[in-house]
Amino acid sequence: MLAVYPLTFAALLFSVGAYGVLARRNAVLVLMSIELMLASVTVNLVVFGHLAAERGDAALTGQVFALFVIAIGAAEVGVGLAIILLLFRNRASINIDDADLMKY
Amino acid sequence: MTGVDVAMLIVVVFGGASALLVVSARNVVHAALYLVVALLAVAVTFLLAGAEFLAWTQVLVYVGAVIVLILFGLMLTRAPIGPVAKETDVGRFLPVAVSVALFAMLMTGIWISFDGVRLAVDAPTTTAALGDVLYIEWAFPFMALGFFLTVSLIGAIIIARREEGEGPAPQLDTEVAPGRPVPAPTDASASPGVTAPAQEVVR
Amino acid sequence: MVSDYAWLIPALPALAAAIIAAFGKRMARKGAEVGIAAVALALLLALAIAVEVFSANVATVAELEAAHESEEHAAGQGVQVAMAGDRAAALAAADGEAIEIPEGLEAFVHERGVTLAQFQGDEGFEAGIRIDGLVAMMFLLVTFVSLMVQIYSTGYMHGDARYTYFFALLSVFTASMLLLVIANNLMLTLVGWELVGVCSYLLIGFWWEEKVNSDAAIKAFLTTKLGDVGLIVGVVTLWGMFRTFNITEIITMVGEGVQAGEAALNQGMLTFALLALFLGAVGKSAQFPLHTWLPDAMAGPTPVSALIHAATMVTAGVFLIARLYPLFQASPTAMTVIAVIGAITLFGAGLLALVQDDVKRVLAYSTISQLGYMVAALAFSYTAGIFHLFTHGFFKALLFLGSGSLIHGVHSNNMSDMGGLRKPMPVTFWTFLIGSLALAAIPPLAGFWSKDEILAGALSAGGATGTLVLVLGALGGLVTAFYMTRAMFLIFAGEYRGHGHPHESPASMRWPLVALAVPAALIGFVNLPFDFAHASGFSAWTMFSLEYFESHAAQFVVPLALAASAAAVIGIGLGWRLYRTSPSLDEDPMLRMGAFTRTLQNKYYLDELYHHGVVRPIRDGIAQGAYWLNDNVIDRIVYLAGAGATSVGRFTYDYADQRGIDAGVNGLAGGANAFGRDVLRKMQSGNIQRYAGAMFVGVIVLAIAFAVA
Amino acid sequence: MWEDWAITVTVLLPLVGAAAIALIPKAHEETAKPVALVVSAAGLALSVAIMATYYLGGLGPGLAFDQNVPWITAIGANYHVAIDGISMPLFVLSYLLTFLCSIYVFDHIEEPGKPKAFLALMLLLQTGMAGTFIAFDLILFFVFWELVLVPMYFMIGVWGGPRREYAAVKFFLYTLFGSVFMLVAFLAVYFTAPERTFDIVRLSEFGAAGAFSRAFQLIAFGGVALGFAIKVPMWPFHTWLPDAHTEAPTVGSVLLAGILLKMGTYGFVRIAIPILPDGALAYAPIIAVLAVIAILYGALCCLAQTDLKRLIAFSSVGHMGFVMLGIAAMTPAGINAAIFGMVAHGVITGMLFFVAGSVKERYHTRAIADIGGGMLQTMPRMGAIFTFVAIASLGLPGLAGFWGEVLALLAAFSPAEQLSAYLPLYRTLMVLAAVGTVLTAGYFLWMLQRVNMGAAPDRWKDAALADVSRVELGAWIPLLVLILALGVLPFLIFGMTNQPVTDLLGQLRLGF
Amino acid sequence: MTDVTAIDWFALAPELTLLTTALLALFVDLFLRGDSKRLVNPMAIIGCVVAIAWVAALAIDGAPRQAFGNMFVVDGYALLFKAFFLTTAVFVLLTSYRYFTQIRTYQGEYYFLLLAAFLGMLLMPSARDLVMIFIALELVSVPGFVMAGLRKFDLRSNEAALKFFVFGVLSVTILLFGLSIVYGFTGTTDLAGVADALRAMDRSALIDARREPLLLGAMLFVVVGFGFKVSAVPFHFWAPDTYEGSPVPVAAFLSVASKAAGFAGLLQIMFVAFEPYADVWAPVLGVVSVLTMTLGNIMALQQRNIVRLFAYSSIAHAGYMLLPFALVRPGAVEVNEQAFGAVLIYLLAYAVMNIGAFAVVTAVTEQHPGRQVGDYAGLGARAPGLAAALTVFLISLGGVPPAVGFWAKFFVFLAAADAGAYVLAGILVVNSVIAMFYYLAIARTMWMDQPVAAVPIRPGFALNVAVGALAIAALVIFVVPDLFAASAGASTL
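Residue numbers (my numbering), protein chains in the order written: chain A, 130 to 233; chain B, 32 to 234; chain C, 6 to 714; chain D, 26 to 537; chain E, 1415 to 1907.
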């Protein structure tokens, strides 16, 4: 398999995720977009882990790294949803652009 | 072009398309479902790259847990489940431009650096091998990760839990007009001698 | 040697001043007695020193005579004795051809000093005294006049609120003047010079409640201070040339330089220094064009006018030229300038005295005129200049004290308020008459001898400047006699025109008049030849070198003396004719001469020129402008620095409204502030997605920067 | 041994005093005054003892009381303090003025009172001032130099006049701006020197040995000079001064004029010239021109003033111009003139500000027009003292102001041989500076006329203004005596400075 | 690979102590009721002090130690930071005591989260592996998200948490993306290994590293991740909003400890791992540094809210601290060490003065929840001690003697000048002067304006101790800068 394919996939996920973060009003959707970006990281890591192994470096570092990323990503989703929930309770809106009490 | 290549290309197309749908779907629940597809595409990529354990982890953690969590979140926040009229007040230009620029930059880099590099997936990584590495070489980060997950859990609980007895009374969401901020109370420490009930009065 | 104790002469009045200032108010006579006692002691010392110097110099001259005679016998050759004031002869003498001075034979000089402070390696300031004939003469004059004035003041100032203060100041002045005289180096001279200036300022402004008086004081101080710039520059220049302040050393070095010729002496620099010094003299001695302060200075108490503005301080300029005479001799240019300025002053000021009503102003202009005589005289003859200084000191002090007595008697300065005072004020009349005649140079009174010396000097010098001085001097003599006659008649003749009853002054004021009248009448005789051969007394006494003395023997030119006396008599006659009846102000012929009168009454418009042309433009124009510049340009440049174009608008706003602080003292902050408010705040919108967008844009921009780098 | 700790103790004593005062409970705030008095008296006594040991104990004429211990090892900065004849007069003067100020504050503290804070700041200021004069390490010097900023900022800002906040900020930022340049130049010297050291003595040796290239010196001197020039302040960097002086409380003005300004000129003498002699030579004509501009300009601005304190403030610009003119001559005479001028200006202008402060306190105005003249009538002693000091300030011989000025002129006539190309310029400047003395006399006399002379307006005649009080006399008499003593016995200062200055410049091989 | 199974417990002692304390805090809190819940605070302080004692013991022992291979290294650098973080923790705890006693919610949980975050910080300087650095970073960040939102009833606090969270997660994701690519090029996550690999790439014929835009981009992404943490422009936007919304002690924590943790990681990555590429990224960081300090100062000039003002000021300070990064040159050991030392010194000094300032703000907030600069008018009359201390902190932040902040700027400046970066040095100077405007404005209003209220402010024992100790430290360290300067030299990599 050409390394370029999965890497392209990762880049695509990353860019699209970035779009989602910037464009969507719904905070949960923003969170989802970030998850897309995190997924792109794991793809990268796995692919590069393979390349590293082929070059003779420590074989599974990439995968372990990816595992950590998945775990941490999941935990972040939890915290993030909790914050969104809290905000919703206080404001009854999860529109991210309503959160502009503080500026300048 | 091998079969793996073809499979990968299909994954790229499907995964990419569903990712695009995630960020562009008018209906948030649809978006969440598209996210499932995109994450499954990632899992397939893992499989193709020989990371079996990781693929299953991905499916379990993300498709199994995270998506459910998100759906719960969507429901708890009583988000307008139907289509959203206005996507953003940022406007579309900036997100699109950023996204396209990022993609272009990354692709250029990837093409320059990895054009023609092949992944030779002979045999998938065994879970045992991964476990060996994880629990010996990476034992310390793993423990730290464990602690981190604990902290996140407690943090999420603290934030998400409704107040009982301590501090201000629970919110009555219905009394608050959507999109309007609740009048921010004065700082709790404003009145040193005043105890919690007084703050309820403030509410 | 008495001269060893000469430092006591200035020290005594200084000590007296300190005592008066500290304890004066509690004393029986409120401190006057201390001042008088001190100056009396100083006078005694001055007399002793005068005698010492006189006898030493006379002995030296006698020895010289003897040497010449023996030489003459040996060589069978006549000693060439130069004509008085003949500069050619003087130069010849300097070349050492004509006259040979035996080794070791010198004019009396006694010099001592201590280092006051060193400021550059071994170079330093010195505190030292130099006693010679000139100094001895000045001592005598200053202490005597000061004594008389102080005694007089006990009467004149009686009952004044600041009586003690007055005597303290008089003592300070006397001390300062004596310091100026005794100094052996120019720095100390400068010190004394400035000190007398400040005393003059304080005394002119003694009655500071009236703005006129303080105005006059300021005018006097600033005008002389302008001259002092010259003095400072001159002293500094001389130091730069010779690396010493010591007068003796400078004179020696100049002498050697003249001997060695052009190359050794920077003639241009020397002339510059001397002209600068002369500027100091012009200021202090009220020479044209800086003379305008002196008539105004009459605002001070009359004893002050007598002491400071007639007899002593104003002669400091003359003294300075005399002190450095060998230097001036080395610079013909400087001499020419001196002669011209002196001549203009003596005649111009004399004319101004013609139209005055205030008796003190008449005397003031007369003083200026006489100072002009002295300065002009110095251009040709050292002896003539200081001789006139000496005699003038006595009779002008007398006249001023006399005028004070008049003012005391009629309570007015104006002659139009006087008239017919001969009867009620006899002592004043007689002494005033003596003074006037002396001033008018009527033989054999003091003024005659000295003025004749001057004219003789000018005559023997010849040339354009000599002629100028001679002609103007002679005409000036006529004018002098005329205005003094006018004053005499206006004051003493005719009917009393003032208010109240005029009365004679108390004894404390009368006796000093008498005591001054004596030298005013007789002091001129001191320059009569003491051995009836070559030498004359005064010039031997005050000579600064034997060479000079030898080449400038006193000369009594009979035809010239006759002519000068005739001019004086004509002046008196003219005055007699016009003023015999003591006309009132509106009948005064001098005041009815149209443009002539107007010009004189406006003092040649010099005051206007100075006030409107110098003082006001500086004080009200340039100064205000400079301050405006300060606040609105220099201070604002700081605002502008770095602010760049964005803050220009802000700057104008701040300029209109001086608050400034929040905008920042520093335009940097002002501009930054504006930038922050207008541009950056928009970015901090509170919207997370805008933030994130900005972040991504930042990343992309940085990435492009990376790629380029 | 006494020599080892004397300076350190003397400099730190006020700091300890400040701390002690800060700890006084608010209820007993007034006790801060005697405490400050005792501390500053002790400081003065110690400084005088140092001076006595130095001169009577034969420690001179070079550096004495030398103490050099490592401080910041990472950059080789040392705690190097010492004293010599150049530092001595200013060092002692700073203690004297602080002592007198602590007498004066006994019954003069501007609104809002708070003697505790005021005196603590004053003593803190004292440490900074004294430290600047004895530091022989560039970093230490800089630290002390900056130390004065903060207390002075608060002195002006809290106890100052109506525009105090503006003046305080302007003072702070302006001088901060300058000192930043100075620091930059210090570091440049540090990096360029053959050996990485901040030691002023070592660097001066390098400077004398020509270790710094001319091009470098041109740049470095510019930086150092800018920092010093702002503090002096040299024209055209003077605009902070009138505001600061005018608005500062009396004690602040006294110390500002008396000591703070001297830190700049001292810096030129101690640091800029010895370390960067070629730079100094190159800049000297420019400095001389600016100095003479300052003289004339300061005098002209004074003529335009209607505010008493502002007038005195501008007079400082002119007087410091003479000091700078002396320095620009680069000869021992010039430097000696400068140091004498510094001391004299410190004493005289300090005294003038004392009087101005007392006058303002009684009349409740600084405007000359409002005072309206006649002070000699209403308060004869105050008027007499004012006259005396004003006349001293205009440079009357026999009083302190004279020697510095006249020697500066002397020096300007014959600058160092290396400057002979600029001889005509220097001589022209000398004449102009001399003309400046006339303008100086002019504004002082007009000021006296408008304040002291004439008949007092009725409102003040009836106001029964109190003449000089005992406290004031106590604070002033030492200064008045000093004004007279320095005028009569210039040896008092020149005797200290001449040898070290001549040695210093001799080391640089300047011809004079 | 070293034997990773042998565990050096001594080396881990500070972390274990802190971990125990954190869990204990959570546990004890369950059994305490009402007012007595505040006792968790002293307990946490004791835990930190014990941990400091361990750190001291390790420092005295002096031997470099490792546990779990490169995942946990104990050397001078690590110990310095550990001591620094733990001391910071003590002061943050002191500052928090009264505030959270009065807020009365989640005291135990707050202390747990705080200690957990500090545990992450302790791991950060010991980590010599990208993964470990990443985990430590997360451990610092996530409790921060929660703490920022602890004033749950306050919408501002909610928003603060949301902004912090979104920004934090996003930037960590970008960081991870970057790290993944770096890993892809180097094949290792070990810092030294990365550096070796990068150096080796120069000679590699296969890939001309100098033409690897992807690698450069990855480094940029890494910078973004840490740029968020240290709030560098243009990744700073969250900071003012979050500080404003958070509880004040949390803002102190975020502006100091969390930022310092970011620097601890950034230092490792940039100075060790990416050093061979310094010639490429240093200019970029220079630009970031200049932007950060300038923008921070300009924005701070505008602020009337004191917390926002300090937020922007802390952004500006991040700019100063980033400046030495711009000086790094590949292989120029001396220059790099100097730059490194300058960052360390600045961090230490910054912690002293900024926590101090926030401590005073905490004290004043009690009576003036509006947190306006105007509330400080006449503070000198109401609370002279607080006002004096804040003045010291302000002077220090401004970088003027006589306070420690001067040395911080001095050493940065020295490093810049030594490296010949005169332009950067000049910009630093200009910025310092601009900064004085707003610092002075606060000092001015404290001492020169009329008080807004007559009530004296009594912040209580814990705050007094914190403020006093920090103010004295700021002054003492100014006099004896070697306390900081020498330690920075000793812990150079």
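Do not rely on the hints blindly, as some may be mistaken.
With a straight-line Cα cutoff of 30 Å, these simulated DSBU-like cross-link-like pairs (lysine-lysine) come out [to be verified]:
id	chain 1	residue 1	chain 2	residue 2
1	C	Lys30	C	Lys216
2	D	Lys385	D	Lys486
3	D	Lys385	C	Lys216
4	D	Lys51	D	Lys385
5	D	Lys486	C	Lys35
6	C	Lys216	D	Lys486
7	C	Lys608	C	Lys216
8	C	Lys216	C	Lys35
9	D	Lys51	D	Lys486
10	D	Lys486	C	Lys30
Beyond 10 Å from chain E on every Cβ pair, some chain D residues (computed) [said to hold, decoys possible]:
id	residue
11	Ala70
12	Ala99
13	Ala307
14	Val460
15	Ala480
Residues from chain A shown here face chain E by an in silico Cβ test under 10 Å; the list is partial [unchecked claim]:
id	residue
16	Leu131
17	Phe143
18	Ile163
19	Asp186
20	Phe194
21	Ala195
22	Phe197
23	Ile201
24	Gly202
25	Ile225
No lab work stands behind these hints, which were simulated from the structure alone. Just so you know, even glycine gets a beta-carbon here, dropped at the ideal spot from N, CA and C.
When the structure is checked against the list of hints, which entries are broken? Sort them ascending. Hints 9, 12, 16 contradicted; others consistent.
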